[in-house]
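S.K.: Let chain R serve as the given structure and place chains S and P on it in line with the hints.
Residue numbers (the working numbering), protein chains in the order written: chain R, 1 to 254; chain S, 1 to 312; chain P, 1 to 298.
Keep in mind that a hint or two might mislead.
What the hints assert, rightly or not - Here are the simulated PhoX-like cross-link-like pairs (lysine-lysine), alpha carbons at most 25 Å apart as the crow flies: (1) P/LYS8 x S/LYS199; (2) S/LYS199 x P/LYS4; (3) S/LYS21 x R/LYS120; (4) R/LYS33 x R/LYS141; (5) P/LYS164 x R/LYS113; (6) R/LYS113 x S/LYS199; (7) R/LYS33 x R/LYS145; (8) R/LYS118 x P/LYS164; (9) S/LYS22 x P/LYS164; (10) P/LYS176 x P/LYS2; (11) R/LYS188 x R/LYS198; (12) S/LYS22 x P/LYS4; (13) S/LYS127 x P/LYS8; (14) P/LYS8 x S/LYS128; (15) R/LYS188 x R/LYS96; (16) R/LYS113 x P/LYS161; (17) P/LYS176 x R/LYS145; (18) R/LYS121 x S/LYS22; (19) P/LYS176 x R/LYS121; (20) S/LYS199 x P/LYS2; (21) R/LYS120 x P/LYS176; (22) S/LYS128 x P/LYS161; (23) R/LYS96 x P/LYS2; (24) R/LYS118 x S/LYS22; (25) R/LYS120 x S/LYS22; (26) P/LYS161 x R/LYS141; (27) S/LYS22 x R/LYS113; (28) P/LYS176 x R/LYS118; (29) R/LYS96 x P/LYS176.
Said to hold, decoys possible - Counterexamples of contact, computed for chain S against chain R with all Cβ distances above 12 Å: (30) GLU26; (31) ALA53; (32) GLY126; (33) ILE298.
Hints are computed from structural coordinates only; laboratory data are not their basis.
Glycine residues also receive a C-beta, built at the ideal position from the N, C-alpha and C atoms.
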Amino acid sequence: MQQSSTTFRTENLSVFYGAYEAVKNISLTFPDKSVTALIGPSGCGKSTFLRSLNRMNDEISQAVIKGKIWIGGEDINDPSTDVIQLRQKIGMVWQKPNPFYKSIYENIAFGPKYHGVKNKKELDQIVESSLRKAALWDEVKDRLKQSALSLSGGQQQRLCIARALSVNPGILLLDEPASALDPVSTSKVEELIVELKKELSIVIVTHNMQQAARISDYTAYFYLGTLMEHNDTEVIFTNPANAMTQEYISGRFG
Amino acid sequence: MKAIDERPVGIADNPRPGRFKKHHMEDFAGRSYTTICAILLIVIILSIVYFVASKGLATFFKDGVSFSEFLFGSKWDPDGNHGEPQFGVMPFIFGSFATSILAAVIASPLSICASLFMTEIVPGWGKKLLQPVIELLAGIPSVVYGFVGLTVIVPALRDMFPGQGIGIAAGSIVLSVMILPTITSIGTDALSSLPRGLKESSYALGATRWQTIYRVILPTVLPSILTGVVLGMARAFGEALAVQMVIGNAPHIPRSLFESASTLTSVITLDMGNTVMGTAHSNALWSMALALMFMTFIFVVIVRLLERRNRI
Amino acid sequence: MKAKAADKIATAIIVVFSLFIVAVLLGLLGFILYRGLSHISWHFLTSVPQTIREGGGIGPQLFNSLFLLVLTLIITIPLGLGAGIYMAEYAKPGKITGAIRLVVEVLSSFPSIVVGLFGLLLIVNTFGFGFSLFSGALVLTIFNLPLMVRITEQAFRSVPKEQKEAGLALGLSKWKIITSVLFPVALPSIVTGTVLAAGRVFGEAAALLFTAGMSTPRLDFTNWNPLSPTSPINPFRPAETLAVHIWKINSEGIAPDAAEIAAGASAVLVILVLVFNLFARWFGNLLYKIMTASKRMG
Chain R
1 MQQSSTTFRT
11 ENLSVFYGAY
21 EAVKNISLTF
31 PDKSVTALIG
41 PSGCGKSTFL
51 RSLNRMNDEI
61 SQAVIKGKIW
71 IGGEDINDPS
81 TDVIQLRQKI
91 GMVWQKPNPF
101 YKSIYENIAF
111 GPKYHGVKNK
121 KELDQIVESS
131 LRKAALWDEV
141 KDRLKQSALS
151 LSGGQQQRLC
161 IARALSVNPG
171 ILLLDEPASA
181 LDPVSTSKVE
191 ELIVELKKEL
201 SIVIVTHNMQ
211 QAARISDYTA
221 YFYLGTLMEH
231 NDTEVIFTNP
241 ANAMTQEYIS
251 GRFG
Chain S
1 MKAIDERPVG
11 IADNPRPGRF
21 KKHHMEDFAG
31 RSYTTICAIL
41 LIVIILSIVY
51 FVASKGLATF
61 FKDGVSFSEF
71 LFGSKWDPDG
81 NHGEPQFGVM
91 PFIFGSFATS
101 ILAAVIASPL
111 SICASLFMTE
121 IVPGWGKKLL
131 QPVIELLAGI
141 PSVVYGFVGL
151 TVIVPALRDM
161 FPGQGIGIAA
171 GSIVLSVMIL
181 PTITSIGTDA
191 LSSLPRGLKE
201 SSYALGATRW
211 QTIYRVILPT
221 VLPSILTGVV
231 LGMARAFGEA
241 LAVQMVIGNA
251 PHIPRSLFES
261 ASTLTSVITL
271 DMGNTVMGTA
281 HSNALWSMAL
291 ALMFMTFIFV
301 VIVRLLERRN
311 RI
Chain P
1 MKAKAADKIA
11 TAIIVVFSLF
21 IVAVLLGLLG
31 FILYRGLSHI
41 SWHFLTSVPQ
51 TIREGGGIGP
61 QLFNSLFLLV
71 LTLIITIPLG
81 LGAGIYMAEY
91 AKPGKITGAI
101 RLVVEVLSSF
111 PSIVVGLFGL
121 LLIVNTFGFG
131 FSLFSGALVL
141 TIFNLPLMVR
151 ITEQAFRSVP
161 KEQKEAGLAL
171 GLSKWKIITS
181 VLFPVALPSI
191 VTGTVLAAGR
201 VFGEAAALLF
211 TAGMSTPRLD
221 FTNWNPLSPT
231 SPINPFRPAE
241 TLAVHIWKIN
251 SEGIAPDAAE
261 IAAGASAVLV
271 ILVLVFNLFA
281 RWFGNLLYKI
291 MTASKRMG
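Same shape as in the complex, but just chain R (with noise of 0.2 Å):
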């Protein structure tokens, strides 16, 4: 497998839920300007895993994480951390869009402005290309004072990426957004990940076999908290070692 750097990667990372281990021991890196899936059956640790990356799991208070998350030369996990810088460098996507109940220039221009920018024009422009990235702005830009609510659930999702591309952040986490979208909504979606990823590292957890073979270069497959195999998308869907991978992508299991 090729490793094009090692700026985003865990070390022997763990998470407990009480006595539950949810996360076992996971080595992972994920190179730069790549899309890197995570699959794997119900239950297996691959949610629980992404959310650790941005320390949402510090939200809840029973979890505990052990090992170690590198970003650059530092480790996320380490008490010293500001989680809140932390999470503005790394934008986090759901499986339900969850717009904030606002219109939608303010959904992009939230962050931003709470971030420090106050010039009306500067906002103006980072409402702009934040939409045209999420391609999403030639759909709303006569409505941006209209409540997001009132996007269908395809525009909604886009524009919850484009509000986690607000803040300019150099990684992107995304749990399963697709899933709850139509296909034509979805395959917007994939097509956006694709050219995101000219700019971002990207880690995405999938259902969907197609879409971890379309969209990722790298894909690492999880089973009960274990990561059983990673390796090039490519050679996963071709060419699996494991042969439980086999069977999953396979969809004999799962």
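M.R.: Only chains S and P this time, still in chain R's reference frame:
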């Protein structure tokens, strides 16, 4: 946007340098503010308990009234108008329990019927009709209930039964209307959160609606309904003005429901303004307030026990 | 069929009892409005009460009730919001949270007369605020606070947790998320709840007998100096509210038209509570539209 290798995602590059970052200050301020508000609640309750108890216990420790004389004595003559001052509050304790228990006895069947009406009989418009009715009944101020009791219920009872119309019966009727919303809303919540399968399996066995309600639904929601009844009784026990207006305020145990009586709250309401702080009479009123507070704790404990049973 | 007959009888009883409750409310409202409305006039609403002559009004009492309500809300809202937000967003499950929850429960079941006595002892006497609007407002705050805390906590808890996650992922501070993301969504429920609670405060009398007092000084409505004893807006003067006034004239009123005045005042009180109810719902929905740029769902 710059590419990731040109702009490494190092987490130490702080756009706003300085020891105190804006978001940390904000979080600190917010957490402090809300925590202080929460602590204030605890301070309030502790000081209420402390002050009421310190005043209320003075009757026993300073004025030398014995505990049993206070609780079980039936003579109330705190200023000694007929010889030695007497501090027996049994008649008022009796009045408080009698009115609140009777109120619960009247209100419970009505409330349960109303809850069933809204959830089982006509779930659609039943709720649309009764929900606002219940909310409005809950919103009417207690002095208005007292006023209506005084001008409608007391004369009606006077016409129907021997006596003046005032008394425990009038008090209970007024209180029953006041606690009806409490019992009904808790009962309705419990009934509407029942799983669908519970009823359907009973209907599938060929049971009628009433058999289903009686044998399946009511036993399941009984702890919740009892919670509502206890909360209703707690409200009735602590209600002061509405009861005071219709009960007659005579300081003895009545021989019938239609004879003038008193409750703990009605005596406090009437006497507190006419006593001097620190006298034995005043302290006795504080002891009654302490008794009311103690009953509140008992009611809360019962509600907690019922809720625990409900969870299993 | 015995079971079928029992079913019919039971259904009939349930329906009759339920309609009886409706009849009780209609009877109550009808009686109060029928007896009271005829007595309500501009003169009645604005003039001062008379002790022994006919023709007394409820002007100062009405003003006192409204002013006291405003004072109470000014104190209650920041405290209730703070404690409610603490319970919904900061409190971790554990002993302390359990204790606060118990405190809220006990405080909300305390008889209002006991809270009033506490106010008499601590606020009126020990702190020396005397029988005054301010003492009354503090006592009503204690009376109202548990409800405010519950309303706030529930309103915040009902905001979908995905909203919070979205804010966290953008690198917002927790407090910023609470104030700018969650609060606008929770606000309509908080406002509705607060106005309904305000209706309760408006009708409360027992806690006020020994704190705000049972009398009102002669007020000069042209005097707006808040420190003058005859100024209506002086918060440190005694003030008899409308609810207290109703109680007083029923128990010791000697004016020949005491019954009519009680009826008229009751009608005013009930109408105001009704207005509070309707306003709460309408304003809550309106706010939801403004705050979230959308229609209320569910």
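S.K.: Given the hint that P/LYS8 pairs with S/LYS199, test it: the Cα-Cα distance must not exceed 25 Å.
M.R.: Holds, at about 18 Å.
S.K.: Verify the proposed pairing of S/LYS22 with P/LYS4, using a straight-line Cα cut of 25 Å.
M.R.: 71 Å, violated
S.K.: Does R/LYS113 lie within 25 Å of S/LYS22 when you go C-alpha to C-alpha?
M.R.: Holds, because 13 Å separates the two Cα atoms, which is no more than 25 Å.
S.K.: Tell me if the straight-line CA distance from R/LYS96 to P/LYS176 falls inside 25 Å.
M.R.: 23 Å, holds
S.K.: If you draw a straight line from the CA of P/LYS176 to the CA of R/LYS121, is it 25 Å or shorter?
M.R.: Cα-Cα ~23 Å, so holds.
S.K.: For a C-alpha distance cap of 25 Å, please report whether R/LYS96 and P/LYS2 respect it.
M.R.: Violated: R/LYS96 and P/LYS2 sit about 53 Å apart, past 25 Å.
S.K.: Under the criterion that the straight-line Cα-Cα distance not exceed 25 Å, is the pair R/LYS121, S/LYS22 satisfied?
M.R.: Judged against 25 Å, a Cα distance of about 24 Å means the pair holds.
S.K.: Taking the shortest Cβ-to-Cβ distance between S/GLY126 and chain R, state whether it exceeds 12 Å.
M.R.: It holds; S/GLY126 is separated from chain R by about 32 Å at its closest Cβ, greater than 12 Å.
S.K.: Sort out whether S/LYS22 lies within 25 Å of R/LYS118, counting only the CA atoms.
M.R.: 15 Å, holds
S.K.: Does S/LYS22 lie within 25 Å of R/LYS120 when you go C-alpha to C-alpha?
M.R.: With a Cα-Cα distance of about 21 Å, the restraint between R/LYS120 and S/LYS22 holds, given a limit of 25 Å.
S.K.: R/LYS120 and P/LYS176 were given as a pair; does the straight-line alpha-carbon distance stay at or below 25 Å?
M.R.: 20 Å, holds
S.K.: Hey, is S/ILE298 genuinely clear of chain R, shortest beta carbon separation above 12 Å?
M.R.: Non-interface label stands for S/ILE298: nearest chain R Cβ at 34 Å, farther than 12 Å.
Violated hints, listed in ascending order, are 4, 6, 7, 10, 12, 22, 23, 26 and 30; each of the other numbered hints is respected by the structure.
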